[in-house]
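One-letter residues, chain by chain:
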Amino acid sequence: MSVLYDISLAIIYNYDQPAAASREMLRILPRTLPEQQLVSGLVTTEPAPDFRRDTVDFFGNPATEVVFDRPLDAVTFRFSGRVRRRAESTSLDLSPGLTGLAQDIAEAQSLGNVSPHHFLGPSERVRPLAEITDFARANVDTGTSTLSMVLALSAALHREMTFDPTATEVATPPLEAFRNRRGVCQDFSHMMIAALRGLGIPAGYVSGFLRTLPPEGQERLEGADAMHAWVQAWCGAEMGWVQFDPTNDIIASTDHVVVALGRDYSDVAPIKGSLRSAGSHTSRHEVDVKPVGGN
Amino acid sequence: MPDSTPMPGATNPDLLSGYSAREGVADELMQPDGRLRPVWQPLIDFLSRQTPQDLANRFVRGDQYLHDAGVYYRQYTADGSTERDWPLSHVPVVIADDEWEALSDGIVQRAELLEKVMADLYGPGDLVSRGLLPAQLIAQCPEWLRPMVGIRPRSGHFLHFLAFEIGRSPDGSWFVLGDRTQAPSGAGFALENRIATSRVLPEHYPQAQVKRLAPFFGHFRDALNGLREGGQGRVAILTPGQETDTFFEHAYIARYLGFTLLESEDLKVEAERLAVRTISGPEPVSVIWRRLDSRYADPLELDEASALGAPGMVGALRAGAATMVNSLGSGVLEARALLAFLPRISQHLMGEKLKLPNIATWWCGQPRERNYVLQNMGRMMIGPALSTHLPFELDATTVLGGAFRGSALPSVEDWLLRDGETLVGQEAVTLSTTPAYVDGRLQPRPMTVRVFAARTPAGWTVMPGGYARIGRTDDPTALAMQKGGSVADVWIVSDTPTRDPSLADQTAGPFLRRMPGFLPSRAGDNLYWLGRYVERAEGLIRLLRAYHTRLAESGSAAQPLLAYQRKYLAGYADPDDPIPPPLLDVLQSARGCALRVRDRFSPDGWLALDDLARSANGMAGTLLPGDQAARGMGELLRKLAGFSGLVHENMFRFTGWRFLSIGRALERADTGAGLLFAFAEETAPPGAFDIAVEVADSVMTHRRRYSVETNRNTVIDLLALDENNPRSIVYQIDLIRREVGQLPAARSNGRLSDLSSALLKLHTELRITTPDAVTTKRLGEIRAEIGSLSVALSAQYLE
Chain Y
1 MSVLYDISLA
11 IIYNYDQPAA
21 ASREMLRILP
31 RTLPEQQLVS
41 GLVTTEPAPD
51 FRRDTVDFFG
61 NPATEVVFDR
71 PLDAVTFRFS
81 GRVRRRAEST
91 SLDLSPGLTG
101 LAQDIAEAQS
111 LGNVSPHHFL
121 GPSERVRPLA
131 EITDFARANV
141 DTGTSTLSMV
151 LALSAALHRE
161 MTFDPTATEV
171 ATPPLEAFRN
181 RRGVCQDFSH
191 MMIAALRGLG
201 IPAGYVSGFL
211 RTLPPEGQER
221 LEGADAMHAW
231 VQAWCGAEMG
241 WVQFDPTNDI
251 IASTDHVVVA
261 LGRDYSDVAP
271 IKGSLRSAGS
281 HTSRHEVDVK
291 PVGGN
Chain U
1 MPDSTPMPGA
11 TNPDLLSGYS
21 AREGVADELM
31 QPDGRLRPVW
41 QPLIDFLSRQ
51 TPQDLANRFV
61 RGDQYLHDAG
71 VYYRQYTADG
81 STERDWPLSH
91 VPVVIADDEW
101 EALSDGIVQR
111 AELLEKVMAD
121 LYGPGDLVSR
131 GLLPAQLIAQ
141 CPEWLRPMVG
151 IRPRSGHFLH
161 FLAFEIGRSP
171 DGSWFVLGDR
181 TQAPSGAGFA
191 LENRIATSRV
201 LPEHYPQAQV
211 KRLAPFFGHF
221 RDALNGLREG
231 GQGRVAILTP
241 GQETDTFFEH
251 AYIARYLGFT
261 LLESEDLKVE
271 AERLAVRTIS
281 GPEPVSVIWR
291 RLDSRYADPL
301 ELDEASALGA
311 PGMVGALRAG
321 AATMVNSLGS
331 GVLEARALLA
341 FLPRISQHLM
351 GEKLKLPNIA
361 TWWCGQPRER
371 NYVLQNMGRM
381 MIGPALSTHL
391 PFELDATTVL
401 GGAFRGSALP
411 SVEDWLLRDG
421 ETLVGQEAVT
431 LSTTPAYVDG
441 RLQPRPMTVR
451 VFAARTPAGW
461 TVMPGGYARI
471 GRTDDPTALA
481 MQKGGSVADV
491 WIVSDTPTRD
501 PSLADQTAGP
511 FLRRMPGFLP
521 SRAGDNLYWL
531 GRYVERAEGL
541 IRLLRAYHTR
551 LAESGSAAQP
561 LLAYQRKYLA
571 GYADPDDPIP
581 PPLLDVLQSA
591 RGCALRVRDR
601 FSPDGWLALD
611 DLARSANGMA
621 GTLLPGDQAA
631 RGMGELLRKL
641 AGFSGLVHEN
651 MFRFTGWRFL
661 SIGRALERAD
671 TGAGLLFAFA
681 EETAPPGAFD
691 IAVEVADSVM
701 THRRRYSVET
711 NRNTVIDLLA
721 LDENNPRSIV
731 YQIDLIRREV
741 GQLPAARSNG
751 RLSDLSSALL
761 KLHTELRITT
771 PDAVTTKRLG
781 EIRAEIGSLS
791 VALSAQYLE
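One line per chain: the protein sequences are Y and U, in this order.
Each step along the first sequence adds one to the number in the UniProt record's numbering, with nothing skipped, and position 115 is 115.
Each step along the second sequence adds one to the number in the UniProt record's numbering, with nothing skipped, and position 786 is 786.
Rather than coming from a laboratory, the hints here were simulated on the basis of the structure.
Every value quoted in this text rests on a predicted model; they were computed, and no experiment measured them.
Ideal placement from N, C-alpha and C gives every residue a C-beta, glycine not left out.
Take the hints with a grain of salt, since some may be wrong.
What the hints assert, rightly or not - If you want the footprint, here are the derived chain Y segments under chain U, 3+ residues with CB under 8 Å:
1) 107 to 118
2) 154 to 166
Stated by the list, open to error - Computed spacing ranges between beta-carbons, pair by pair:
3) U:PRO284 - Y:ASP50: 35 to 43 Å
4) U:GLY258 - Y:SER8: 33 to 41 Å
5) U:GLN742 - Y:ALA74: 41 to 49 Å
What the hints assert, rightly or not - Pulled a few chain U residues facing chain Y out of the computed Cβ check, cut under 10 Å:
6) VAL128
7) LEU133
8) PRO142
9) TRP144
10) PRO147
11) MET148
12) ASP266
13) ASP303
14) GLY315
15) ALA319
16) LEU417
17) GLY420
18) THR422
19) HIS648
20) ASN650
So that you can see chain Y by itself, here it is in the shape it has in the complex (with noise of 0.2 Å):
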């Protein structure tokens, strides 16, 4: 089964006193992966900047950096494009336990970008937090096999947090939001991996969109409205990565487009920027995500 959506994404910034000169770096535009193609779509901005390259990042993230040599009030940043999505298969649970998992990671003796090694250890916004492990030691039968502790581990943090977009900002530390026990995808997110990494089990941070509307008779998952994020874990070398989305405690399917994969947020941010701007700034997401000739 798949899915072909259209999607489109507008990330618009005002500016109060806009810097000289600006240079960022986009991570929109989604991922060609063997669940996943990006039909067609484009990257653009409004403006049109001085200077466009479009690299390809460690990840494997599609990655345009834009510079614009001059004083902007307000630039919008826009990707629009068709992408389709195939079901996983759900196979059955291969995953070993944490003994076996970490005998599969001593064995995966890579550098390569999908490799476990980049995903266990601190990260820029992810460090190994004590508060965070003991938490997941509470809720997880650590004798069981790494998916069904991921899956517990989801469950859990669905059933404590609170989903509240008020509650965190983009630079909330995790365990700030652990604490409050809400935010949003970004925050499940992160608490979800540093649970996991503590746990042993290797785990990165998806950036993506969510089906907009749900199929006629489901539920409207959260975090539709602007740019989403969810897991990966590796569950060991037969299994591998396997998505899940906390906020919703769903295993990431039809519903979810990749944009980018990295060990958190800081490695795919949408929009990263060296904004040398004295005074504020506003920003507004605006997200499209639907079936083609569906609903």
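Position chain U against the provided structure of chain Y, taking the given hints into account.
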């Protein structure tokens, strides 16, 4: 006891008394049989002929040189940082050149090995996939920069300048304590140590057959120039700025080699090239010798919190826009744990054993190694595997000989079992000792030497000398080094006389006169403000002196003229405090500007300014208002004149000098207008005109010119309109106008720039107007116009 029979003609027979190496420790000076090593003999003979007083005088001479050159050491404490005197141990470490040559072979091999490791870690990653390096070590190393993976350096090489901290084992062989690959410092300090030591031993050094350091720097300078794409663009040294503890060295090396010293904010990443913002627009930079840690180099792709970087740098390097020395990400080679694997990697990549081994290191992520460390804990230093510190620079949580320092962890065993992957054990090595002059005689002290290697078109070359660190006590374990100590020159002594080359005769290629228009905008800005602050300080000092002189004469601050002065001064400073804090602030600001452009500044000029600021600080709180304060101000004025004289007489008429002069003239014009505004005011109390004339240092001129008492017209004429008075406003405006005329883009398309036309307008008016037309109101307007000149100048050249 050593066989220290007094040398012929010795006047200091006690020099070596009691000198003996510890059992089981190699000594640089003494052979195991207690005799002097022959290579030391001439130096020891020379030192023995000096009385203790001679030696003390010599050491003072060396220290004086370092102090005058502005070499200091920045010590960080809980309350910030302080500048300390440079801790030179005046006795050099002497090493025979045949021994040095063998050591150099090992250094070169190691440099070549590190280049290959670097190329693999940022390329195919074979060392990991073949099991020669554990994946988690690299993947978790904060210095392994993922955005750099896959970028081939434009020069074809990742590494161009390296340092190695080495020590000598009890068996006499050398070993490496740590490879310094990120942005090694110390080479400039080694040069300064050399100069200071040669001042201590001026008769002995020239004929001691010591290998010179200059050719090494000359070759590296030529190599860097050769790395420029098509011979175009500049070589720049990139510094994190004056807050860095090694900033002095960055400025020193830049001046010594003739490279431009830049901070990231000077750099502009353009489409496919790097440029430096200069007063004449962006100029290309082709090679960057960075003294900044890699991860701060680009907030866009590396550490996003970095304020020290240039956004887009990584993209520019990816596009081959510049050569970075060393490549970003080279710090990964400094991780301690790497030392555990280098011996095998050498076999694999080079097909040979390491000629120069490193400190024995065990990564505790492997069960066998962890057990070994556990069983031999008593002679281990255990610390973070990914730390880039040298073994003796201990991290907070480190085990020494089985005991924790600074940690509340229960037991070392538990720690090793739980966190083994993040830990290494390193052998608690014993270093060799070398003589240091302590309490009137030579005494053995442990040492390590930092050795430098540079890549040239002919391959790696090793500096014949180095930067020695000398321990404070005679404890020869490496751990003793962390307590600090002193530093020393390293002499590589040859059997044959050495020629005396200087850097100048090493120049390759044709003679080139440097382009005078090249001045980074930030440097121009600092020079401009230096000029302004120094002049501002002078104006304030003169005002304060005029006040305190009159206070001393009248004895009462209530007198109308004094009250008027107080009122005027109140805008700047409280005259009851003879050295008011705002004066110290202005001097400190001037010093700060000079520090930031230290590479373009004469050492004498710097010293004079530093001395001025120190004197003012020293006077603070010690002077009484009145006569004492007036005399103190006089002293500061003379020091200030010394600085101005040095700068204006000796500084080459470079573009930078023009900004300094413009700053001075503009501030003087502004102060003058302000002074007249207040003291040439009709309602000012009697004596006010005299103050204006006195503060503008024009008393004699006034007496000669007018042969009358001061009145408003004579004062305005002399201090605002007289083209021959170097203190008048019109004189300053004319000077600025002429200097600006020499700057790039003073005209464009045949038209004067906005700045030039504003200057011409004001200059013309001041030339044709009469004193009575220069009303107080008009003076206020002139002041505002002077302010706009500053804004226009900044907008055109300095932003």
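Evaluation of the provided hints:
1. 107 to 118: holds (count 8)
2. 154 to 166: Contact hint for the segment 154 to 166 of chain Y vs chain U: violated, 0 residues under 8 Å.
3. U:PRO284 - Y:ASP50: 35 to 43 Å: Violated: the Cβ-Cβ distance is about 18 Å, outside 35 to 43 Å.
4. U:GLY258 - Y:SER8: 33 to 41 Å: 56 Å Cβ-Cβ, so the 33 to 41 Å window is violated.
5. U:GLN742 - Y:ALA74: 41 to 49 Å: holds, 42 Å
6. VAL128: For U:VAL128, the interface hint holds, since the closest Cβ of chain Y sits about 5 Å away, which is under 10 Å.
7. LEU133: For U:LEU133, the interface hint holds, since the closest Cβ of chain Y sits about 9 Å away, which is under 10 Å.
8. PRO142: Interface hint status for U:PRO142: holds (9 Å vs cutoff 10 Å).
9. TRP144: Where the cut-off is 10 Å and the nearest Cβ of chain Y is about 9 Å from U:TRP144, the hint holds.
10. PRO147: holds, 6 Å
11. MET148: Nearest chain Y Cβ about 9 Å off; hint holds.
12. ASP266: violated, 15 Å
13. ASP303: holds, 8 Å
14. GLY315: With Cβ-Cβ at 5 Å, under 10 Å, it holds.
15. ALA319: holds, 7 Å
16. LEU417: violated, 14 Å
17. GLY420: violated, 13 Å
18. THR422: Status holds, d = 9 Å.
19. HIS648: Nearest chain Y Cβ about 35 Å off; hint violated.
20. ASN650: violated, 37 Å
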